[in-house]
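**Student:** With chain A's structure known, arrange chain B on it following the hints.
Protein chains: 2
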Amino acid sequence: MGDVNELILSKAGSNVELIPEIAKHLISSGGKRLRPMLTLACADMFGYEGKGHVTLAASVEFMHTATLLHDDVVDESDMRRGKLAARKLWGNQASVLVGDYLLGQAFKMMVDVGSLEALRILSTASAVIAEGEVLQLGAAKNIATSEADYLRVIEAKTAALFAAAAEVGPVIAGQGEAMKQAARSYGMELGYAFQLVDDALDYGGSSADLGKDVGDDFREGKITLPVVLAIARGTDADRAFWKRCLEGEDIADGDLEQAIELLKKYDALAETVERARAYGGNALKALETLPAGPHNDALADAVAFCISRVS
Amino acid sequence: MGDVNELILSKAGSNVELIPEIAKHLISSGGKRLRPMLTLACADMFGYEGKGHVTLAASVEFMHTATLLHDDVVDESDMRRGKLAARKLWGNQASVLVGDYLLGQAFKMMVDVGSLEALRILSTASAVIAEGEVLQLGAAKNIATSEADYLRVIEAKTAALFAAAAEVGPVIAGQGEAMKQAARSYGMELGYAFQLVDDALDYGGSSADLGKDVGDDFREGKITLPVVLAIARGTDADRAFWKRCLEGEDIADGDLEQAIELLKKYDALAETVERARAYGGNALKALETLPAGPHNDALADAVAFCISRVS
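Respectively, the protein sequence lines represent chains A and B. Here our numbering is used: the first residue of the first sequence is 1, the next is one more, and so on. Here our numbering is used: the first residue of the second sequence is 1, the next is one more, and so on.
Chain copies aren't distinguished; within one or between two, either way the pair holds.
Here are the simulated BS3-like pairs of lysine-lysine, each with C-alpha atoms no more than 25 Å apart in a straight line: (1) 32 - 83; (2) 88 - 222; (3) 32 - 285; (4) 141 - 88; (5) 243 - 141; (6) 222 - 243.
None of these hints come from the bench; they were simulated from the model.
Chain A with its partners taken away, still in its complex shape (with noise of 0.2 Å):
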C-alpha cells in the first residue's frame, strides 16, 4: 500500500496550483483505501510480481476520490471524512473540474499498465457508477423507493466498484474466468455489506447512537434500506411523517430523533445490518474459491472490518 499511496499522492500533481491542493485535501484526509486494497491483495494472492497492480490501484482511488468530489456538489453535502467538504473549500466548480481531472487520470494511468481488460472492466464500473448516481437522483424524495430499487441502486454506486477493484486483481494476473468471477463476486457482495453498513451508521448504527455524524442521508432526503424497511413496516401517521421530512425536506428540531425511534421501533436497523452480515457471509464464501494464505486472510479481515464497524 506504500506504493500505491505514493502513486497516487504523484499523479494528483499537476501545475495547475489548485489540482494538487484540492485532491490532497481528500486523498489525504484518511480514507479507508479499501479498495485499492482489494486490487492488490486478489493479484498478490497469485503471485503476480510486476507493478501493474499498483498502478490499477492507484486508479481505482482515483475513480472512487472523483466520485466523491463530484458526489459532495450532488447532494450539497457540507463534510466528507470529518472535514469541510473540497466544495465548501474550493467551490462547486473547481469539485466538479477536478473531479474531471481525476478521472482523465485515473484512466492514463490505466492504459499505462496495458491490460484492456482491466480497462473494459473499470471503464464499464465508470460508467455503471454514473448511471447509479443518476437512479439515486430519481430515488431521492421519493417515499415509494422500493427495496429492489435501493439495492439497484447501491449495487451501481457503490458494489460495482468494488467488484472492479476486485476483479482487476486476477485479470493482471493472467488468471482465468473462474478466479476473476470469484474475485469480482467477493468484491460484490462486500460492496453491498460496506453501504448497508454505511446506511445504518447513518442513523446511528443498530444501537442509534446519535455520534456527529448522524443524520446526513435524513436531511438529503437520501432514501435508504433502513427507511425503506420502515416505511413498509410503518403507520399512515409514520408515512406522513417519512413523507414531509425526505420528500418535503420540512424538516424540525426533533426530527431526526423520531426517525431513529421509528427505525428502531420496526427493527429497521437492526435488520439492516443483519443484511449486511448475509452480503458478508456472501463474500467470504467467494474467497473459498480464492487461493488459501494470507491475501485471502486480509480479504477475509476487509469483510469483518466493514461489519465491525457498525456492531
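**Tutor:** Only chain B this time, still in chain A's reference frame:
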C-alpha cells in the same frame, strides 16, 4: 458521419431514463460534429477500412458533450446552442452525473476499439481538458491574465481535443510518427483558430453586431483574447471599467455596448480574428504533409468554415 450519429444515439441510451433524455437533448441540438469529422477524415485519408474510426469519433463527441454538460454547471450558463442549457431543464446535479456517464461510455467505446495508443491519446486529452478548465477558473475574473496565460487555457480546454481527435485517425490506420504528428498539429492549430473565432463571436465578431448570443463571456467574467488585447492597450479608466465588469461582475445597462466600443477602438476583435486566420494558416500548412485527396480537401474546408463563422 451517419454511422457516427447512429452510434452516438445508441450509446447514449441507458435503462436510467434521465440519461438518454439529457444526452439526446444535447446531442441532437445541432452541434457541428467538427471533432468526430476530424477523426473520420484523418483515418479515411489513409484508406482505413475498419469501423474503429467510427467508434473513436463517437467517443470524441461523447467526451466533448460531457465537457459541455460540466461547463454549463461551472459557468452557470443558461443557454447552450440556442436552447435552454441541460442544467436549467434538469438541474446541476443531473448535468454533472450524466456528464460522468458519457465520459464512462466514451472510455468503454475506446476500449472496444482496442488501440492502446488511441486510448493513451484520448485519456491524456481528457485530463488536459479538465486541467485547462481549472486553469480558466483561476484566470476568470482576473484582468491581469496575460496573453500567454490565455493561450495556455485554450490549448488545454479546446485545442487538445481537436488535436487528439485528428491524431487517432492515423493511429487507427496504422501510420507512423510523421503522419500522426501532422494530423495532431493540424487539429491543434484548428482548435486554436476555432476558439479564437468563438471568443470574437461572443462580442459580435469583427463587425461587432449585437446578435442574440452576444455577451455571455462578458457576463461570466471570462477573460478572452479580445479583452486581454483591449486591456493591454487601454487607459487607466478603461482598466477600471474592465475591472468593475469582469472582476466585480458589476454590470449595468450599456456596459456590454461600452465593452464592444472599447474592443473596436483598440482593434481587439479584428486582431483576434487575424490571429485565428494565422492559426488556420498553420493548420493548412500541416495538411500539406498528409495525403492529398477529397479527405484532405474536407479538412481544409473545415478550416475555412471555422474562420468564415466570423467574417
